[in-house]
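Participant: Its first residue numbered 15, the sequence shown is counted upward by one per residue in my numbering.
Mixed in with the good hints there might be a few duds.
Said to hold, decoys possible - Distance condition first, Cα-Cα at most 27 Å in a straight line; then the derived DSSO-like pairs of lysine-lysine:
| no. | residue 1 | residue 2 |
| --- | --- | --- |
| 1 | Lys358 | Lys298 |
| 2 | Lys265 | Lys166 |
| 3 | Lys400 | Lys414 |
| 4 | Lys166 | Lys298 |
Stated by the list, open to error - Just the calculated beta-carbon pair ranges, DEER-fashion:
| no. | residue 1 | residue 2 | range |
| --- | --- | --- | --- |
| 5 | Leu580 | Val390 | 43 to 51 Å |
| 6 | Glu354 | Asp284 | 42 to 50 Å |
| 7 | Asp275 | Val296 | 23 to 31 Å |
| 8 | Gly235 | Phe175 | 52 to 60 Å |
| 9 | Arg255 | Gly556 | 42 to 50 Å |
| 10 | Thr647 | Ser456 | 21 to 29 Å |
| 11 | Lys400 | Leu428 | 51 to 59 Å |
Read the hints as simulated data drawn from the structure, not as lab findings.
Just so it is clear, the structure is predicted and the values come from calculations on it, not from any experiment.
C-beta atoms are modelled at their ideal positions from N, C-alpha and C, and glycine is treated no differently.
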Amino acid sequence: MKNTLPFNKHALNVVIGTLCTGISFISLAEQAPNTSETIEVWGTTITNDSLLQDDIERKQANHLSDLLRDQAGIDVGGSHSIVQGINIRGVDDLDLNITVDGISQNNNMFHHSGNLLINADILKAVDIKVGTNSVLTGGLSGGVAFETKDAKDLLEPGQDFGARLYTNLGTNDYAGGSAAVYGQLTDNIDALAYYTYTDRNNFENGNGKEVTGNEGRTVDGIFKLGWDVNESNRLVFSYDRYNDEGDYYVKTNFGAGFAEDSDAQTEDIDYTRTSTSLAYEVDKGDAITLRATVYRNELSYIALGTEGNSEHTGYTALATSKIALAGFNHTLRYGGEGYEQVSKRIANHVQTNKDTADSHAIYIEDEVALTDQLFVTPGVRYNYFKVDMYSAGTNDSLDKSWNELTFGLAAKYLINDNWSVSASSTELFQGPGLRESYVDYSTNFDKDLKAETGVNNAIGFAFKDQNMMGLDSFGFSLNLFKTRIEDYIDNWAIGKGRPIGTYENSGDYDIDGFESTLSLRKALFSARLSYSKSDSEQLETGEQLRYEVGDSISLNLGYEVPQYDLKFNWTSLVNRTDDSVSSGADIHKVGYQVHNISMQWLPSQLEALSMTLGVENIFDKTYYSHASYSSDTVQDYEAGRNVKLSASYVF
15 MKNTLPFNKH
25 ALNVVIGTLC
35 TGISFISLAE
45 QAPNTSETIE
55 VWGTTITNDS
65 LLQDDIERKQ
75 ANHLSDLLRD
85 QAGIDVGGSH
95 SIVQGINIRG
105 VDDLDLNITV
115 DGISQNNNMF
125 HHSGNLLINA
135 DILKAVDIKV
145 GTNSVLTGGL
155 SGGVAFETKD
165 AKDLLEPGQD
175 FGARLYTNLG
185 TNDYAGGSAA
195 VYGQLTDNID
205 ALAYYTYTDR
215 NNFENGNGKE
225 VTGNEGRTVD
235 GIFKLGWDVN
245 ESNRLVFSYD
255 RYNDEGDYYV
265 KTNFGAGFAE
275 DSDAQTEDID
285 YTRTSTSLAY
295 EVDKGDAITL
305 RATVYRNELS
315 YIALGTEGNS
325 EHTGYTALAT
335 SKIALAGFNH
345 TLRYGGEGYE
355 QVSKRIANHV
365 QTNKDTADSH
375 AIYIEDEVAL
385 TDQLFVTPGV
395 RYNYFKVDMY
405 SAGTNDSLDK
415 SWNELTFGLA
425 AKYLINDNWS
435 VSASSTELFQ
445 GPGLRESYVD
455 YSTNFDKDLK
465 AETGVNNAIG
475 FAFKDQNMMG
485 LDSFGFSLNL
495 FKTRIEDYID
505 NWAIGKGRPI
515 GTYENSGDYD
525 IDGFESTLSL
535 RKALFSARLS
545 YSKSDSEQLE
555 TGEQLRYEVG
565 DSISLNLGYE
575 VPQYDLKFNW
585 TSLVNRTDDS
595 VSSGADIHKV
605 GYQVHNISMQ
615 WLPSQLEALS
625 MTLGVENIFD
635 KTYYSHASYS
645 SDTVQDYEAG
655 RNVKLSASYV
665 F
């Protein structure tokens, strides 16, 4: 593709862009609430079970790694826009519970691309479940629930119409912007229309080497229509179309070095997600709050005349009720979820493969306040999963279903106003995923294939104080876990990396480790330090999970200068060297340190404006995430130093 970034050629455009627009760089430390409500409502709230309850951050980012990588226990593999692989405790996204507005993202497109297309700018909240610690969460190691904004989130009290313009650029090597309009059309109908684009060129890594295969454009358009039926009932219709198209290498996750060494050429790759949903919300206070969604989600990956297509048609429902029963206060959480997935391969307009899966679950848990200090939460979940897969190359098929009850039990004890301890044990269930849609493998199926099961055990404690050592606030948390995954499935045909011809179980794994976080605030200074560790082991061979991250450390520092309406932030990300064996191969993952800084200006005389200047990878380090695909010949290098500038204006 041709260079579409004019600021590379015309310095005047940089000056104009700097004066008229600005950056929304990753917030690098715990933020105090903004004084301007119009700016604050566009921020993204991140909650993480491994952090203290009040440890949240407001961020905006161009890649999920910018948004999530400094959160304890989670990483994002991939440097490319179509490779954004969420990793929790070494488990990749195919075994996690990933949703966007309640819509399942359990796709399996192509093992050289990602399975999630998402725009960070429009996110309202990100709820991270590090580990499966409740029957409400599926997956083997937790998940992430993304929630996008609607007009109700953005309109101030008494405001009937609003708009936001945003633009950003990075010297290494992209530019883009977005526009949103939202309004109260009638007394009970509201609407949001949102559009964003990003143009990208090839970036440079820390060695100054051009990372080819990144020239492309991402476009995302969203329309939402909300109807307040009455004071306690609401309907929301949503349509979201996300497209990423460019001159990319087919083996995208291998990075440019592998492609260049093998003389591979870039191809026109078109990757699209189209989501349509209808949500129903009920709020009757303690009696019941409910959100139920029906949806259709389609991903289409097109390259070299072949399309991989994955369609989900599904539903989710989660309700909460608070009642008094038998002398105790109960908080009931209950609901269900399910989908039908159809995975198709279409080559030269002819369908050559079609696999289907049906997944359903219902669950309930009861948080019982035995005393003012002791809370116990038992839960039960019914799981059903069915697959129907056929391989023309082997004339072999698998038509099988599984159903299983899983149980969970958690307890929390508030020792005093400062200290709390918690423990949980949750059984796991994950149905065998469909084969990836883009490649038609000649697959043999083990007729005795089992679902992945196991148990996650966790124990933790937390401390917080408002007046410790003269600090305004101080907090510390530590969570230790041990996860057993039985009958793990590691097969290239389902995207997890082992090139074997039989779809079968590959043994049992243990994963153990911890997440710890320390945070403090003193006047205008804030800091947060987190350290997480996970180690996996196949019980028979001693091998590790391919995407094991190992030891990760993040440090976030923030300082505010209110007289000049400025906020300064610093973050350091450290991953220690990790050596492991996976699929019989030695994998040496080099440790790295990356440091970022940003300065945000929120002028009190013009509260609608927000500008930020930041430098990412200050010392221009050459590195790759441990959650990315890596081997002795493949390293997916991240971008080197990048000066980021952007601005938003809210009308």
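Participant: Name the hints, by number, that the structure is in violation of.
Facilitator: The structure conflicts with hints 1, 2, 6, 7, 8, 11, although it agrees with all the remaining ones.
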